[in-house]
Amino acid sequence: MNNGKNNKADEIIDSLDGIKRAAVPDFFYTRLLARMQKKEHESSPQNWMLRPVYIIAGLILILAVNIVVFLNNSDETTLADENDTLQQSIASEYSIADNNSIYDLNQDR
Amino acid sequence: MNEQELIQGLRSGNETAFKYLVDTYQDRVYNTALGIVQNAEDAEDVAQEVFIQVYRSIHSFKGESKLSTWLYRIATTRALDLLRNRKSKKRFGFIQRLFGDSNEPEFELPDFNHPGVMLDKKENAALLFKSIVQLPENQKLAFVLHKMEGLSYQEISEVLKISIPAVESLMHRAKQNLRKMLEKKGDRQ
Numbered sequence: 001m002n003n004g005k006n007n008k009a010d011e012i013i014d015s016l017d018g019i020k021r022a023a024v025p026d027f028f029y030t031r032l033l034a035r036m037q038k039k040e041h042e043s044s045p046q047n048w049m050l051r052p053v054y055i056i057a058g059l060i061l062i063l064a065v066n067i068v069v070f071l072n073n074s075d076e077t078t079l080a081d082e083n084d085t086l087q088q089s090i091a092s093e094y095s096i097a098d099n100n101s102i103y104d105l106n107q108d109r
Numbered sequence: 001m002n003e004q005e006l007i008q009g010l011r012s013g014n015e016t017a018f019k020y021l022v023d024t025y026q027d028r029v030y031n032t033a034l035g036i037v038q039n040a041e042d043a044e045d046v047a048q049e050v051f052i053q054v055y056r057s058i059h060s061f062k063g064e065s066k067l068s069t070w071l072y073r074i075a076t077t078r079a080l081d082l083l084r085n086r087k088s089k090k091r092f093g094f095i096q097r098l099f100g101d102s103n104e105p106e107f108e109l110p111d112f113n114h115p116g117v118m119l120d121k122k123e124n125a126a127l128l129f130k131s132i133v134q135l136p137e138n139q140k141l142a143f144v145l146h147k148m149e150g151l152s153y154q155e156i157s158e159v160l161k162i163s164i165p166a167v168e169s170l171m172h173r174a175k176q177n178l179r180k181m182l183e184k185k186g187d188r189q
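Line by line, the protein sequences give chains A and B.
1 is the number of the first residue of the first sequence in my numbering; add one for each residue after it.
1 is the number of the first residue of the second sequence in my numbering; add one for each residue after it.
Be careful, since some hints might not be right.
Unchecked claim - Result set (DSS-like, lysine-lysine): computed pairs, CA atoms no more than 30 Å apart in a straight line:
#1 Lys20(A) x Lys122(B)
#2 Lys62(B) x Lys39(A)
#3 Lys175(B) x Lys8(A)
#4 Lys89(B) x Lys39(A)
#5 Lys20(A) x Lys8(A)
#6 Lys19(B) x Lys39(A)
As the list claims (entries may be wrong) - Computed far set for chain A versus chain B, every beta-carbon distance over 10 Å:
#7 Tyr54
#8 Val65
#9 Asn83
#10 Gln88
#11 Ser95
Stated by the list, open to error - Counterexamples of contact, computed for chain B against chain A with all Cβ distances above 12 Å:
#12 Asn2
#13 Glu3
#14 Gln4
#15 Glu5
#16 Val22
#17 Arg73
#18 Ile74
#19 Leu80
#20 Arg86
#21 Arg91
#22 Asn138
#23 Ser152
#24 Tyr153
#25 Ser157
#26 Ser163
I should point out that these hints are in silico values taken from the structure, not numbers from a laboratory.
Using N, Cα and C, we set each Cβ at its ideal position, and we do this for glycine too.
Bound-form chain B, shown alone (with noise of 0.2 Å):
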């Protein structure tokens, strides 16, 4: 099934098309959400959530970009999204916290272990996810798209409409943050 074939037989609601989506794009899906809010149930949710927004929302898809860009586009704003929920919700939990009736786990999140990366390097990727987590968003989907999904410049640079230097410079101005964070952690330690 080529793409337009594919995208007429999402238009038509044929359930065939919809199911050949979703087994052709969830990991690709599911790997980008994974890298942006470093955990699986998020990751899994937020997959969900961007294949029932294409179903819903075929029939806007103009087709002026690939359909690969357009879920990887829904799959970096909601998992943005749900990263934004999680920080508001941090601070209203606080604010609950205060009044004393609040029924949230008072610990932080434990370290991400990504189930991709090498054994030998496994320590090294959790202490880089630690970091990844502050940088600015621009910056951290540039960052995850490149080295997760190995998405070259061009094709970031179509995912988040910017042009390819804005991208070489997102890149190098996350690398820098990386390396000041994860230098600054080295002197604590």
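Next comes chain A alone, as it looks inside the complex (with noise of 0.2 Å):
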């Protein structure tokens, strides 16, 4: 039972013996030539700048510079605060006025 089972598969396996090359279909060099020309014009410079993967990659890539620089001034604003804030309480503590001028100082004499 096995072996008529074996059989049959290795008939079926050995079905391809004596098979003869497949040949291409007509006017395949034709179809070649255009398909050769059809690729050479589709990888001109302004084509492939034009296609809307890079088009999409542009327009995120200014957006993404915009935030960078964005988030870069807003940290630059807190920091400027933070130093304000610094020296006003050091100016408090060691009593020293704002308007420190030496005019005010000849002023006063």
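Please dock the two separately framed chains into a single complex, following the hints provided.
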């Protein structure tokens, strides 16, 4: 029984014996040349730059640069505020006036 | 035109040399691709891509192997790439169907009939091709190159860049796997 199954399977496996090589369809070379010309046209720089993927990537890049610049600027503002508060607290601690102009001192004399 | 002259002609962009290359190797490339992808349109696509790649990268061909070996190598790689793309599209198509926006047809490819198979073996060959699809990639390549292109184990070892015993092993395992698959199918019928 098993032998019979094996024989059938082997018969199927051997069914490619004596197979003839398949030939390409007619006008293969003409279609090949047309495809090559199309590919050359597609690979020109103006065309690849207009592909949606590059346009979207460009827009995302511009947006990302804007976000980074905005975040950096807001950080600097916070830092400047902190510096101002620190200067004011030191000034009040050592009784240094805000307008310690030398001209004011001269006027008193 | 001998092989050296052909390569020189291709390197200098000679169209006559390119036409000669295509005329000489087109059937070998097409038949190999057909055995792997099992669809005439896809096999023609693969064959065209092979010749375009040869035209573009002939300068990188060092001449360490025969031109035919190089062509078979490109053809098998391209054909396997197409199968992988087909598989990933199938997977993606399943996800698209889940969201109900797929235009892909939901039917399987029909049985493949190779035009070079003898009439009395056509039915068996169709069964065999269905099983070849399920073989692991390297076993599939070895089996197709040997059975359909008639390459010797030595030539296959050069195409796949493996040793001759490795080719023998691939062929042995391919036949074993095919036998198992065919017996299973026989049990179901």
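Going through the hints against the structure:
Restraint check for Lys20(A) and Lys122(B): satisfied, since their Cα atoms lie roughly 13 Å apart, inside the 30 Å limit. Taking the CA atoms of Lys62(B) and Lys39(A), the gap is about 25 Å. The hint holds against a cut of 30 Å. This hinted pair checks out: Lys175(B) and Lys8(A) have alpha carbons roughly 13 Å apart, not beyond 30 Å. Restraint check for Lys89(B) and Lys39(A): the C-alpha separation of about 23 Å stays at or below 30 Å, so the hint holds.
Under the criterion of a C-alpha separation no larger than 30 Å, the hint pairing Lys20(A) with Lys8(A) is consistent with the structure, at around 23 Å. As the CA atoms of Lys19(B) and Lys39(A) are separated by approximately 18 Å, the hinted pair is consistent with the 30 Å bound. Tyr54(A), annotated as away from the interface, keeps every beta carbon of chain B farther than 10 Å; the closest lies near 22 Å. The Cβ of Val65(A) sits about 33 Å from the closest Cβ of chain B, beyond the 10 Å cut-off, so the non-interface label holds.
At roughly 54 Å from the closest C-beta of chain B, the C-beta of Asn83(A) stays outside 10 Å, upholding its exclusion from the interface. No Cβ of chain B approaches the Cβ of Gln88(A) within 10 Å, the least distance being about 60 Å, so the stated non-interface status holds. For Ser95(A), the condition that its CB be more than 10 Å from all CB atoms of chain B holds, with the nearest at approximately 72 Å. Remark: the non-interface label on Asn2(B) is consistent with the geometry, its nearest Cβ contact in chain A lying 22 Å away (cut-off 12 Å).
A cut-off of 12 Å between C-beta atoms confirms that Glu3(B) is not in contact with chain A; the least separation is 20 Å. With a least beta-carbon separation of about 23 Å from chain A, Gln4(B) lies farther than 12 Å from that chain, consistent with its non-interface assignment. Residue-level check passed: Glu5(B) sits 20 Å from the nearest beta carbon of chain A, beyond 12 Å. With a cut of 12 Å on Cβ distances, Val22(B) falls inside the contact zone with chain A, its closest approach being about 5 Å.
Residue placement check: Arg73(B) keeps its beta carbon more than 12 Å from all beta carbons of chain A (closest about 18 Å). With a least beta-carbon separation of about 14 Å from chain A, Ile74(B) lies farther than 12 Å from that chain, consistent with its non-interface assignment. At roughly 19 Å from the closest C-beta of chain A, the C-beta of Leu80(B) stays outside 12 Å, upholding its exclusion from the interface. Listed as a non-interface residue, Arg86(B) keeps its Cβ farther than 12 Å from every Cβ of chain A; the least gap is roughly 20 Å.
Under the 12 Å C-beta cut-off, the non-interface status given to Arg91(B) relative to chain A holds; the minimum distance is some 21 Å. Consistency note on Asn138(B): stated as away from chain A, and its beta-carbon is indeed over 12 Å from all of that chain's, at 18 Å minimum. Against the 12 Å criterion, Ser152(B) stays outside the reach of chain A, whose nearest CB is about 16 Å from its own CB. Listed as a non-interface residue, Tyr153(B) keeps its Cβ farther than 12 Å from every Cβ of chain A; the least gap is roughly 16 Å.
Every C-beta of chain A lies more than 12 Å from that of Ser157(B), the closest at about 20 Å, which supports listing it as non-interface. The claim that Ser163(B) is not at the interface with chain A holds, since no C-beta of that chain comes within 12 Å of its own (minimum 24 Å).
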